[in-house]
Amino acid sequence: MSANIYHNRKAQWLAYIGLFCLLALVPALFDSPFLLNQLARYAVFAMLAVSVSLVWGYGGILSLGQGIAFGLAAYGMGMTMQMQFQDPVSDPVPSFMLTNDLSTLPLLWEPFWSTPIGLALTIAVPTIFFIGFGAMMFQARVAGVFVAIMTLAMLAAWYAMAYDMQPFTSGFNGISPPMPFEFAGVSIDPYSPTAYLICVGFLAALTLSAKLLMQSKFGLIVQAIRDDPERVRFLGYNVAYYQVIVFAISGFIAACGGLCWVMVVQYVSPTSLELTLSVSAVIWAAVGGRLSLLGAILGAYLVNGLQSYMGDELQDVWMIVLGSIFIGVVLFLPRGLVGLIEDALGYFTGKSETETSGVAIERAV
Amino acid sequence: MMSLLELRNVSKRYGDFAAIDGLDLTINKGELRCLLGPNGAGKSTCMDLIVGRQRVSEGTVSLMGTDIAALSEHQIARKGVGRKFQIPSVFKELTVRQNLEVAFNRNKDPFLNMLSFKHFKGQKRYDEITDLIGLKDRSNTVSGLLSHGETQWLEIGLVLMQDPVLLLMDEPTAGMTEQETYKTSQIFNTLKGSHTLVVVEHDMSFVREIADVITVMHMGKLLAEGTITEIENNPQVRNVYLGTEGIH
Ligand SMILES: Nc1ncnc2c1ncn2[C@@H]1O[C@H](COP(=O)(O)OP(=O)(O)OP(=O)(O)O)[C@@H](O)[C@H]1O
Ligand SMILES: [Mg+2]
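Top to bottom, those sequences are chains S and U. At position 51 of the first sequence the residue is numbered 51 (my numbering), and the sequence of numbers has no breaks. At position 219 of the second sequence the residue is numbered 219 (my numbering), and the sequence of numbers has no breaks.
Just chain S, same shape as in the assembly (with noise of 0.2 Å):
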């Protein structure tokens, strides 16, 4: 009896490396603006399902709140590039402030005078915000449906504050930054090649970086976690340190994603904090298969290209339709998409369940 080859790990970093490749290889085989720039915010939700799968489903924290971090990084991302446009003597103070009676920079926007600086701050915030948080929650050992309300909760008061902070965040209008991003001198256009490989990019290095990490040890000890905590406590591990670790890594990718996600809208309003892209990631991911990051990105770039050429006259219920394909997969597809293929290969290639060569087995990919 020969083993399924989708729990080889060889050929996995196969399937991740080969659908990266093919990513890359889109500039050159299209030549759309439009095209890649769609291709390029469908890269950033994929970031968001990754981060969505990592949580959830290794760590089996269920987080609503992913669009925290995302949304934070955002703002960060937004604010570094209007500073990039403002002129310190001529024009030092953004438009929108001196409609809303701001005639000096705030201190908080001091520091994105400088683009590395802004950068550092675009990551660095919401993944420390993550830390703390994540501290906070796991001490007390919240866990299951709690977790998912105070997530939510959280990500309510970071929607209500970034509306109500009117003349720091341009609240409701969101902050548009007249150019695109520049970096080192180069002018990044949100609708160029350079644009979408920066996505893709991103996308590569943090789901192989977040795939390794499953594979050490580390990973064993999350996904054992995740099954019962109480059991991995009583054998000498510190718990909450390591659900903390997870969820900052979750932030911290959730982070990149927003990042990347102004670089190419070149927008940012407080829709990115709104509870409706938290909850579509983990749908997202839950219908690629949460317990494969490339499942995950698979159902962040399916569902998305599904709502893109819909047509129209869906689009008003696209949430219903979401709802649905949700509901559907709860019920009749538990591993996902991907647990489709987990069987088909199973069926072709060997059973499932054990398996006899030296490879050791795995279940989540």
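Don't read these hints as lab results, they were simulated from the structure. Be a bit skeptical, because a hint or two may be false.
Claimed, not checked - If you want the footprint, here are the derived chain S segments under chain U, 3+ residues with CB under 8 Å:
no. : segment
1   : 220-229
2   : 234-246
What the hints assert, rightly or not - Dumping the calculated DSS-like pairs for lysine-lysine here, alpha-carbon to alpha-carbon at most 25 Å:
no. : chain 1 : residue 1 : chain 2 : residue 2
3   : U       : Lys-136   : U       : Lys-183
4   : U       : Lys-121   : S       : Lys-217
5   : U       : Lys-124   : S       : Lys-217
6   : U       : Lys-183   : S       : Lys-10
7   : S       : Lys-217   : U       : Lys-79
8   : U       : Lys-92    : U       : Lys-118
9   : S       : Lys-217   : U       : Lys-118
10  : U       : Lys-108   : U       : Lys-79
11  : U       : Lys-118   : S       : Lys-10
12  : U       : Lys-92    : U       : Lys-108
13  : U       : Lys-92    : S       : Lys-217
14  : U       : Lys-29    : U       : Lys-92
15  : S       : Lys-217   : U       : Lys-108
16  : U       : Lys-192   : U       : Lys-124
17  : S       : Lys-217   : U       : Lys-136
Remember, predicted model here, so these are calculated numbers, not experimental data. Where is the CB? At the ideal position from N, CA and C, for every residue including glycine.
The hints should help you fit chain U with the ligands onto chain S, whose structure is shown.
Chain U with the ligands in isolation, oriented as in the chain S frame:
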């Protein structure tokens, strides 16, 4: 003989109700102690207090002379206390092998574990233990697919992989068939002498098979302590058990 574990005047109260009430218990190194008592006597609570899952309201718990009552669960586990739960708990999505790997891993630091990809160092111990618990040919089976009895054995295996100085086993044969119970008693007899064990059991034929000294608890207090014959002939114990299902 040196005492490994000592409970002195330990109480655990939930409001007005004392689940454990002034309990003294001494376990010596290398012994196998059976803990008996009717439902609700406080046996599981007693184990919870030792491993830090519950906090004592009063009294001291010391392991090899150091007070452990204030330590957190993972610290107590690192001091060498292993616990098997009344409701078997294993990692259902992981394979038998992965389950035992998590238990064997001596390195508890997350960042060091991120750098560890090595194929498992505990092969020798792994072989010994899978032999003992009879799961050798199930190494790559996802543990959620194991039978109830096998799950119990796997959890015993997890605790053994930890290589603890003190093993606390809460109803290891619960839900097992007669044959499985017999096999479990063989496992325990193998462990006897080289390990220190406290075993909670209701199944008297199992207790007869493995026990040296038996401690009987009732309503959070120590009722009697002695060999199997002493306990079976103890009028107080008979009285308590006749009130419930009777000792058999
Ligand atoms: N968290 C709690 N709050 C209140 N009472 C509790 C709590 N935990 C246990 N008890 C009570 O303490 C008593 C002892 O319970 P324990 O589980 O230790 O009994 P046991 O001897 O293990 O019984 P069994 O043989 O049924 O497993 C019971 O009356 C139980 O209802
Ligand atoms: Mg009990």
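Status of each hint after checking the structure:
1. With a threshold of 8 Å between beta carbons, the proposed coverage of the segment 220-229 of chain S by chain U holds, since 7 of its residues qualify and at least three are required.
2. Counting residues of the segment 234-246 of chain S whose beta-carbon sits less than 8 Å from any beta-carbon of chain U gives 9, enough to reach three: the coverage restraint holds.
3. Taken as a hint, the Lys-136/U and Lys-183/U pair is honoured in the structure, with Cα atoms around 15 Å apart against an allowance of 25 Å.
4. Distance check on the hinted pair: Lys-121/U and Lys-217/S sit about 12 Å apart at the alpha-carbon level, within 25 Å; holds.
5. Distance restraint check for Lys-124/U and Lys-217/S: the Cα-Cα separation of roughly 19 Å lies within the 25 Å cut-off, and the hinted pair is therefore satisfied.
6. A hinted pair counts as satisfied when its Cα atoms are at most 25 Å apart, and Lys-183/U with Lys-10/S does not qualify at roughly 40 Å.
7. Between the alpha carbons of Lys-217/S and Lys-79/U the distance comes to roughly 22 Å, so the proposed pair stays at or under 25 Å and holds.
8. Note on Lys-92/U and Lys-118/U: the hinted pairing holds, with a Cα-Cα distance of about 23 Å set against a maximum of 25 Å.
9. About 8 Å separates the Cα atoms of Lys-217/S and Lys-118/U, which keeps this hinted pair within 25 Å; it holds.
10. Between Lys-108/U and Lys-79/U the alpha-carbon distance is near 13 Å, which keeps this suggested pair within the 25 Å criterion.
11. Simply put, Lys-118/U and Lys-10/S have alpha-carbon atoms about 16 Å apart, close enough for the 25 Å limit, and the pair holds.
12. The straight-line distance between the Cα atoms of Lys-92/U and Lys-108/U is roughly 21 Å, inside the 25 Å bound, and the hint therefore holds.
13. The suggested pairing of Lys-92/U with Lys-217/S holds, with an alpha-carbon distance near 17 Å, which does not exceed 25 Å.
14. Proximity of Lys-29/U to Lys-92/U is assessed by CA-CA distance (about 33 Å); at most 25 Å being required, the pair is judged violated.
15. Distance hint between Lys-217/S and Lys-108/U is fulfilled; the C-alpha atoms sit about 10 Å from each other, no more than 25 Å.
16. For the suggested pair Lys-192/U and Lys-124/U, the alpha carbons sit about 20 Å apart, so the restraint of at most 25 Å is met.
17. This hinted pair checks out: Lys-217/S and Lys-136/U have alpha carbons roughly 22 Å apart, not beyond 25 Å.
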